[in-house]
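If you read the protein sequences in the order shown, they are chains X and V.
Position 167 (the first sequence) corresponds to 167 in the numbering used here; numbering is contiguous.
Position 302 (the second sequence) corresponds to 302 in the numbering used here; numbering is contiguous.
No lab work stands behind these hints: they were computed from the structure.
Possibly wrong hints are sitting among the right ones.
Identical chains blur together in the list; that is why a pair holds if it fits in one copy or across any two.
[As the list claims (entries may be wrong)] Below, a list of computed lysine-lysine pairs in the DSSO-like style, where the Cα atoms sit at most 27 Å apart:
1. Lys230 to Lys164
2. Lys217 to Lys230
3. Lys186 to Lys217
4. Lys186 to Lys230
5. Lys230 to Lys207
6. Lys207 to Lys186
7. Lys230 to Lys119
8. Lys144 to Lys186
9. Lys186 to Lys119
10. Lys158 to Lys230
11. Lys119 to Lys164
12. Lys158 to Lys144
13. Lys164 to Lys217
14. Lys207 to Lys119
15. Lys230 to Lys144
On a predicted model such as this, the values are computed, not experimentally measured, just so you know.
Protein chains: 2
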Amino acid sequence: MTTDNNRVLIVGSVGLDAVSTPHGSVDRVLGGAASYSSVAASFFAPVSMVGVVGRDFPPENVALFESRGIDLSALEVREGETFFWAGEYGEDPNQAITHATDLNVFADFRPVLPASHCKLPYVFLANIDPELQLEVLDQMESPKFVAADTMNFWITGKKEQLLKVLGRVTLALMNDAEARMLTGRKLLIDAAEDILALGPRYVLVKKGEHGALLFSKDSLFAAPSFPIRKLVDPTGAGDSFAGALVGYLASTDDVSEPNIRMAIIYGTTVASFDVEDFSLRRLAALTREQIEERFGVLRSITAF
Amino acid sequence: MTTDNNRVLIVGSVGLDAVSTPHGSVDRVLGGAASYSSVAASFFAPVSMVGVVGRDFPPENVALFESRGIDLSALEVREGETFFWAGEYGEDPNQAITHATDLNVFADFRPVLPASHCKLPYVFLANIDPELQLEVLDQMESPKFVAADTMNFWITGKKEQLLKVLGRVTLALMNDAEARMLTGRKLLIDAAEDILALGPRYVLVKKGEHGALLFSKDSLFAAPSFPIRKLVDPTGAGDSFAGALVGYLASTDDVSEPNIRMAIIYGTTVASFDVEDFSLRRLAALTREQIEERFGVLRSITAF
């Protein structure tokens with residue numbers, strides 16, 4: 001791998017999922033935040049993935065990553081079993097009920113980046129322990145744009161470390177409930193203001209089917225959602241969104257606010273495909289042409 | 001009054017409200033769907049209001065309507081008391097708890113239109129008994145655009161008559177919960193499809209702080225909401241929205257789908273002012289310049 005100006009570094013979980021939704025259920029299918037976000041980003045820019053899997057990780061998953069041109073040189077394969085998550089969604093696609101979280105080889109995961117990876121300009125820190133996110137940041141030389149996702153688990157359990165992460169990223173991602181939980185503020189505008197005060201240049205609050213809000217100290221973007229007819233499996237929607245977002249930014253090498261808006265719309269578009277099938281099935285079959293077509297639909301249904 | 005091509009007929013309740021919200025409470029202040037929607041529409045087009053009040057209706061309310069140029073020739077004043085509603089909002093601005101609904105003179109209200117009113121081209125049937133909405137429609141000669149609002153109370157209590165109304169209007173307005181209740185469908189896209197099959201050319205589903213969706217058989221518009229910092233009293237937001245929408249359409253005399261999108265954004269804008277204070281206080285102090293300014297903000301925060 002050669003470092004280039006458009007490559008994205010993605011760090012996070014690569015796992016196997018058992019998922020049940022009103023549309024059916026699947027077992028030991030490809031999952032993990034880094035899987036979704038890397039494949040989503042790969043439609044726009046070259047991706048280097050950092051993570052760990054066990055010896056049981058099915059070769060067809062590796063083949064999928066390779067088919068998307070994803071650099072796996074920093075995807076460790078260790079003795080032991082791959083991270084496993086079992087969960088269920090009822091009628092509310094925003095509420096996963098977790099039945100099992102077996103960290104397995106992920107329990108001892110410490111991201112050690114090859115020298116070439118440390119120079120990469122675009123970084124997505126998927127939802128993992130903020131301590132690990134900090135370790136990645138410590139290894140990066142001078143990234144141009146760092147986006148970090150998080151979740152309620154770290155807000156309650158590792159708040160201090162999470163605040164440090166937020167102080168060092170360009171764009172902080174979280175959902176509306178998490179933004180409220182982190183700040184204790186009810187109005188998202190107020191919550192965002194508090195989060196911006198912690199350091200990130202942008203905070204992007206995801207509202208599921210209601211779109212997303214991008215805040216900076218001097219701007220606001222209210223992003224629409226794509227009207228989804230058939231929501232089969234919401235797993236990975238947020239990761240696909242973030243991956244496509246960072247991938248688009250990297251591909252254009254333009255981190256201006258207007259271009260971040262475009263990146264958010266691409267993220268929304270790719271996430272809308274992700275949820276149409278279980279696991280990464282829909283992403284595996286997706287084409288850039290289909291993304292562009294749906295981007296056009298999103299533009300036309302929001303224009304006034 | 002002379003009939004003209006841009007005049008809006010608005011039929012609905014004119015009342016007095018006692019409202020309590022986390023921001024305070026007020027008693028016997030101006031309320032009613034026709035009050036909010038007529039004042040909102042008056043920023044764009046001339047308005048003729050049809051309704052009834054009692055002898056107790058405070059003259060300052062009449063003065064407010066007159067200051068907005070609203071034609072009150074079909075606002076009956078009857079012996080008895082004005083319609084009174086007492087309600088409370090907790091943390092959720094979409095959930096009003098009703099403490100009292102005294103119909104008073106409104107109980108026997110039958111809209112009888114002067115001949116001049118029957119010729120008006122733009123009509124807003126605010127949320128009243130669908131039987132009365134039908135009586136209005138029976139009296140209209142050949143309106144160009146009719147919008148009708150409704151609520152859960154009529155969906156459960158007068159469904160048959162409501163379905164008749166929906167078969168005769170251009171645009172049916174309801175909120176997301178009502179669209180689901182009316183059709184028994186969970187996805188709003190499916191609910192809208194069922195409602196369109198009943199006859200209206202458009203169905204506009206209001207989602208409160210999450211914007212609105214305009215559906216027709218061959219188009220979809222996902223309208224944003226305005227990010228409100230200080231929601232003092234949500235009363236009348238939907239009526240202000242609808243009034244401004246129909247008023248803008250009338251003022252431009254253009255009922256094309258792209259222009260309905262513009263009208264929805266104006267509706268969103270005016271509603272965002274309404275909720276900043278109790279009753280019609282903010283609308284009473286509003287100017288067209290302020291509306292245009294906020295319209296511009298809404299455009300800039302949604303552009304990509």
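Practice task
Kindly indicate which numbered hints from before are broken by the structure, ordering the numbers from low to high.
Solution key: 1, 7, 8, 9, 10, 14 and 15
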